Amino acid sequence: KAGVTQTPRYLIKTRGQQVTLSCSPISGHRSVSWYQQTPGQGLQFLFEYFSETQRNKGNFPGRFSGRQFSNSRSEMNVSTLELGDSALYLCASSLEGFNTEAFFGQGTRLTVV
Amino acid sequence: AQSVTQLDSQVPVFEEAPVELRCNYSSSVSVYLFWYVQYPNQGLQLLLKYLSGSTLVKGINGFEAEFNKSQTSFHLRKPSVHISDTAEYFCAVTGYSSASKIIFGSGTRLSIRP
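If you read the sequences in order, they're chains P and C. Numbering-wise (our numbering), the first sequence opens with residue 1 and increments by one. Numbering-wise (our numbering), the second sequence opens with residue 114 and increments by one.
Straight-line distance between alpha carbons at most 27 Å, and here's what the computed BS3-like set of lysine-lysine pairs gives:
{"no.": "1", "chain 1": "P", "residue 1": "K57", "chain 2": "C", "residue 2": "K162"}
{"no.": "2", "chain 1": "C", "residue 1": "K171", "chain 2": "C", "residue 2": "K182"}
{"no.": "3", "chain 1": "P", "residue 1": "K13", "chain 2": "P", "residue 2": "K57"}
{"no.": "4", "chain 1": "C", "residue 1": "K182", "chain 2": "C", "residue 2": "K214"}
{"no.": "5", "chain 1": "C", "residue 1": "K214", "chain 2": "P", "residue 2": "K57"}
{"no.": "6", "chain 1": "C", "residue 1": "K214", "chain 2": "C", "residue 2": "K171"}
Treat the hints as calculated values from the structure; they're not laboratory data. All of these numbers come straight from a predicted model, not from anything done at the bench.
Required output: the full structure, derived from the provided sequences and hints.
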């Protein structure tokens, strides 16, 4: 079966702009979670959506938001981009949540200039 | 709240030698524990997980880990490594509740020397 698909793979944006990243989970998975990975901060949890509802949220400013659609596809939005938002953004899907196996996409590499 | 500490940021080993990557966690509640591997320019892949039951957990690619509740550890081991095991390894913890967040360790970079 198809894996988790993240689009686009690479993105370059200018400070102050906004960006939307997309994640298509594995068919049948209802939980989608997002992570930011940087060399300095490591892998940090952004938020988790389950059946279109945000169930968990990490410690990120309100500029980071997301949503999940009825087909479980999820989008993540970052507004007013800052240089420090440059990172690899990973999405993972699972059947029910963190206690079931999470499958990760290859990520979107965002560079803010 | 939970936290995870990976004690080694880098571990160099020779090919076919055994390896242990250390992970300690802190939590006031019962936890699920995971090890993930990340190859260059890739997402994370689950190696193994501890949910309950036997404390010795076997995963993919010949890896295994032992859950030690008294020492709050979940060390990852492999008896003989290969060049293809070169990657970054992440330990992670989450609580039982669906409201629990997942916390990742800072990662251990495993480099295999021929």
